[in-house]
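Novice: Chains A and B supply the protein sequences, listed in that same order.
Numbering-wise (this note's numbering), the first sequence opens with residue 1 and increments by one.
Numbering-wise (this note's numbering), the second sequence opens with residue 1001 and increments by one.
I should point out that these hints are in silico values taken from the structure, not numbers from a laboratory.
Hints may contain errors.
Here are some, though not all, of the chain B residues that point toward chain A, as calculated from beta-carbon distances under 8 Å [stated by the list, open to error]:
#: 1; residue: Leu1012
#: 2; residue: Arg1013
#: 3; residue: Ser1014
#: 4; residue: Val1067
#: 5; residue: Ser1069
#: 6; residue: Lys1070
#: 7; residue: Val1144
#: 8; residue: Arg1145
#: 9; residue: Gly1147
#: 10; residue: Thr1150
Label pairs and their computed distance ranges (CB to CB) [stated by the list, open to error]:
#: 11; chain 1: B; residue 1: Gly1158; chain 2: A; residue 2: Leu143; range: 17 to 27 Å
#: 12; chain 1: B; residue 1: Asp1055; chain 2: A; residue 2: Asp10; range: 50 to 60 Å
#: 13; chain 1: A; residue 1: Gly111; chain 2: B; residue 2: His1108; range: 40 to 50 Å
#: 14; chain 1: B; residue 1: Ala1054; chain 2: A; residue 2: Lys12; range: 51 to 61 Å
#: 15; chain 1: A; residue 1: Glu25; chain 2: B; residue 2: Gly1010; range: 24 to 34 Å
#: 16; chain 1: A; residue 1: Lys96; chain 2: B; residue 2: Ser1129; range: 45 to 55 Å
#: 17; chain 1: B; residue 1: Glu1024; chain 2: A; residue 2: Leu143; range: 22 to 32 Å
#: 18; chain 1: B; residue 1: Arg1138; chain 2: A; residue 2: Glu109; range: 37 to 47 Å
#: 19; chain 1: B; residue 1: Gly1016; chain 2: A; residue 2: Pro133; range: 15 to 25 Å
#: 20; chain 1: A; residue 1: Glu149; chain 2: B; residue 2: Gly1099; range: 35 to 45 Å
From the derived model, a few chain B residues whose C-beta atoms are all more than 10 Å from chain A [unchecked claim]:
#: 21; residue: Pro1044
#: 22; residue: Val1058
#: 23; residue: Gly1099
#: 24; residue: Asp1100
#: 25; residue: His1103
#: 26; residue: Leu1104
#: 27; residue: Asp1105
#: 28; residue: His1108
#: 29; residue: Glu1114
#: 30; residue: Asp1121
#: 31; residue: Ile1170
#: 32; residue: Ala1176
Only a predicted model underlies this, so the values are computations on that prediction, with no experimental measurement involved.
Just so you know, even glycine gets a beta-carbon here, dropped at the ideal spot from N, CA and C.
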Amino acid sequence: MIAAGAQAPDFKLRDQDGLEITLEELKGQTSLLVFYPLDFSPVCTDQLSIYQELLSDFESRGVKLYGVSVDSAFCHKAFQDKLNLTFPLLADFEPKGQIAKAYGVYDDEWGTSRRALFLIGPDGVVKWSYVSPSALEIPGANLIFDALEPAPAG
Amino acid sequence: MSQPPPASGGDLRSSGGPPPPGPEDHVRGEGTSLVIVYGDYECPYCARTELLLADLPVRLVFRHFPVPSKHPRARALAHAAEAAALQGRFWEMHDSLFGDQGHLDDPHLWQRAERLGLDLDRFERDRRSPEVDERVTRDFRSGVRAGVMTTPTLFVDGELVSGAPPPELIERLRSA
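The following block holds chain A by itself, in its conformation from the complex (with noise of 0.2 Å):
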């Protein structure tokens, strides 16, 4: 996995209404790429769900969010229709994957993202970068609030 300190691998992914999102374009503002296993699995709407609703305090703190699956972007546009989230989704679809690996967070067995998070600073360097033990679990948004506001040093 693309640690902290590292720069982001880049990539060019189509959102859920099909318009290309580069990471150079995202340089310049704070980002979290949200990766995901799939749109609509049960583990996977809990996680964006309670992540949209903490939109307003990720944005009052600058960051911006993106989730990121092996899904279409058909699919994606589906899926942020049923749960009604407002950040986009990346369509890591073809070549499948792709930047999941290059993030190293694919999980072969599966076929799918594992459930990782980064947080990519204006520079494109990686600030934090988080993965789930299991797909069952999901990240706390506390961690990632913990990542944004370090306690400071005591």
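Following the hints, complete the assembly by docking chain B onto the known chain A.
Specialist: Just chain B now, kept in the frame of chain A:
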């Protein structure tokens, strides 16, 4: 990009566990074990959990963890329970909502409020009030800080249990 400091009380960093029961909490039951439930009235697993926990000798705290993007009525239902609480009928509304998750629209809420003998005008005002909104949000955020990521999530004497409680846990609590 400007980054205004988060509003006061906006801290969402890990708290190391849920806050202990306070004066604002809804608590019922007697027992040596403390069970704090983070739940959502539109969540079927939460209703099942209620049934499993009923009659156990535990001190039970219920906190709101509504996830409207998944359950569109969750927030409105949490507000209804808090509005009932302001008339001293929290657990009655709580049991009513979990007892029948097939009737959760506004007219059903009015019927439930009437059956519980609530002042309906006050119920309507309260459930849309900023105070009730903040009350529910405080519960939700305390859950986020404690690591809640699905409903129901239980804290059984501090130990996090994600999802409906397994039979072994119910048995352990029954014989406690």
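Novice: With reference to the structure, classify each hint as holding or not holding.
Specialist: How the hints compare with the structure:
no., hint, in the structure
1, Leu1012, "holds (4 Å)"
2, Arg1013, "holds (5 Å)"
3, Ser1014, "holds (4 Å)"
4, Val1067, "holds (5 Å)"
5, Ser1069, "holds (4 Å)"
6, Lys1070, "holds (4 Å)"
7, Val1144, "holds (5 Å)"
8, Arg1145, "holds (5 Å)"
9, Gly1147, "holds (4 Å)"
10, Thr1150, "holds (4 Å)"
11, B:Gly1158 - A:Leu143: 17 to 27 Å, "holds (19 Å)"
12, B:Asp1055 - A:Asp10: 50 to 60 Å, "holds (58 Å)"
13, A:Gly111 - B:His1108: 40 to 50 Å, "holds (44 Å)"
14, B:Ala1054 - A:Lys12: 51 to 61 Å, "holds (54 Å)"
15, A:Glu25 - B:Gly1010: 24 to 34 Å, "holds (29 Å)"
16, A:Lys96 - B:Ser1129: 45 to 55 Å, "holds (50 Å)"
17, B:Glu1024 - A:Leu143: 22 to 32 Å, "holds (26 Å)"
18, B:Arg1138 - A:Glu109: 37 to 47 Å, "holds (41 Å)"
19, B:Gly1016 - A:Pro133: 15 to 25 Å, "holds (19 Å)"
20, A:Glu149 - B:Gly1099: 35 to 45 Å, "holds (41 Å)"
21, Pro1044, "holds (12 Å)"
22, Val1058, "holds (25 Å)"
23, Gly1099, "holds (24 Å)"
24, Asp1100, "holds (24 Å)"
25, His1103, "holds (23 Å)"
26, Leu1104, "holds (17 Å)"
27, Asp1105, "holds (18 Å)"
28, His1108, "holds (22 Å)"
29, Glu1114, "holds (31 Å)"
30, Asp1121, "holds (30 Å)"
31, Ile1170, "holds (21 Å)"
32, Ala1176, "holds (28 Å)"
Hint compliance for this structure: no hint is broken.
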